[in-house]
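Work out the full structure: start from the sequences and follow the hints.
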Amino acid sequence: MSNNSATNLAGLTPRECFRLLVEHRHKWLLPSVVCGVLALGYALTMSRYWEASQGLMVRPEVSASENNEPGKFADLYQMRTFQETILELAKSQQVIAATLKAVDARSTEPSAKEIKKLRKHLSLLPPGGAEFGKTEVCYLQVKDTNRERALQLVAEFSRQIDQRLHRLRTEQAKSLSNELKQQVKLAQAALATETTRLAGFEAKVGADLGELRMLNASYSGQSDLRQQAVNLQNEQRAAELEVRNAEQLLVVLRAAQQQPEQLIAMPNSLLVSQPTLRRLKDGLVDAQLRAARLGGTRTTNHPQVLAAKGAVQTIRNDLHDELSVAIRGVDVELGLNRSRMAQLEREQQGVQQRLGQLAELRAGYANRTSAVDNSRLVLGQAQKQLGKVSATLVAAQSARLVTPIDQPETGPNPGGPGRASVVLLGTFGGFALGMGWLFLTVVPAPTSDENLVASAAVEPVPEPATETVVEPVAAKPAAFVAPIRPNALSTLPPAVAAKIAEIVASRKPEVPIETCV
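Going by our numbering, the sequence shown runs without a break in its numbering and finishes at 520.
Hints may be right or wrong, so weigh each one.
Label pairs and their calculated CB-CB ranges [stated by the list, open to error]:
1) R341 x R301: 49 to 55 Å
2) Q355 x R216: 15 to 21 Å
3) T148 x Q185: 48 to 54 Å
Here are the simulated DSBU-like cross-link-like pairs (lysine-lysine), alpha carbons at most 30 Å apart as the crow flies [claimed, not checked]:
4) K184 x K391
5) K123 x K137
6) K177 x K75
7) K137 x K104
8) K119 x K104
9) K137 x K75
10) K104 x K123
11) K177 x K94
12) K188 x K75
13) K94 x K75
14) K184 x K387
15) K104 x K116
16) K75 x K391
Just so you know, the hints here were simulated from the structure itself, not pulled from any lab data. Beta carbons: idealized from backbone N, C-alpha and C, even for Gly.
As structure tokens, this is what we get:
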């Protein structure tokens, strides 16, 4: 312990370290030899794995491409999902079992332990420096203790993945196809039912079906029936106007029959329907003007004046007779116009009644036609999806979505550290362990109170010039305590200085030392 304390006080120099290594060589040689032997045993029995890789390029189905470039993924998420699907297929029990049976040429199924072991040695990695799912190229890697078997495994894995993907896509497409066929059948049945209901409703409508379809198809504009109603209203107004004109003409004609002079003041607009009366009226006016002109230049008994007056009287007689005929004609025309007005009114009422019935039927007809349109739309969508799935089914049976890049390859050496490296690392680890054991046991760290006292600066008391007479003690010699320098404790922390002072006080000699001058 005195040597260790001296070493701690003086520090570990290279010479001291060498001395410790030589003196205590068993402390580091034994761990080095033991670890080296263990590492050698592990190196002789360990398995070194060859890493074989196969580059794969993936693409989506042409029918699944949503952009204008066939065979391109819509986004990175779709690409990542497809590559994760390939990885899960590669790690599936069916693919691993088929690969082992094909490579090992065995007829029996591999054990669960073999499948689990190969699954741990299988990985799907992106190209160097890239992120998984960001590129269309990925590498399938397989580890095995045999180089040729590793190459065979990765090649067989690529083939099995492609076959399994074909079967999976085919099964999925068939399942979707069967489901969509059922949807098409249901949509066809629904369409047939709605069509039958619509046909029965249209049969009840009858002759106004065209008008009902036009009303349902167009919410703006006028149908033929509504146009007919408008025309009837116009004809009815025209007939009413003719009846009023005929009534006014009849009143005027009857008044003129009593007073012929009123016929001259009758407007020509009322005589449009009586051209004879109009001509007689004009002739009477002309005859009266001629008679007045002759009466102004000749005497009353002049033959021309008498002839002109006779012509005026003759025209008046003819006009009176014609008024009777015109009154009878106007009565007949007035009756016809009134009958025509009644007929137009009946027709107008019939058209309005038909329009009211069509308005009542319009909502139900719109619902039935909407149901038929919806059923037809659902059927069209189902048939469209069925066509896409049929194309997917054909592509699943023929297209190849995973294409191998060149041939499988492996490195020139197995992966991981070599056997010599393992032995060297094991021996070095044993040596490091021995060094730690050596320095922890032979050279302890100064942690006790005694080391704190030893770390304080101690000065030996110089021997005085005078002689010191010490009385001998028969029991035991007196102990010598070297005084501590006054400035030694002042440089230490108060707690440490107090502890050192307590230790020194506890070591006072049993027999006091007497000094003499």
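Inset, instruction - Determine which of the earlier numbered hints do not hold for this structure and return their numbers in increasing order. - result: Those not satisfied are hints 7, 12.
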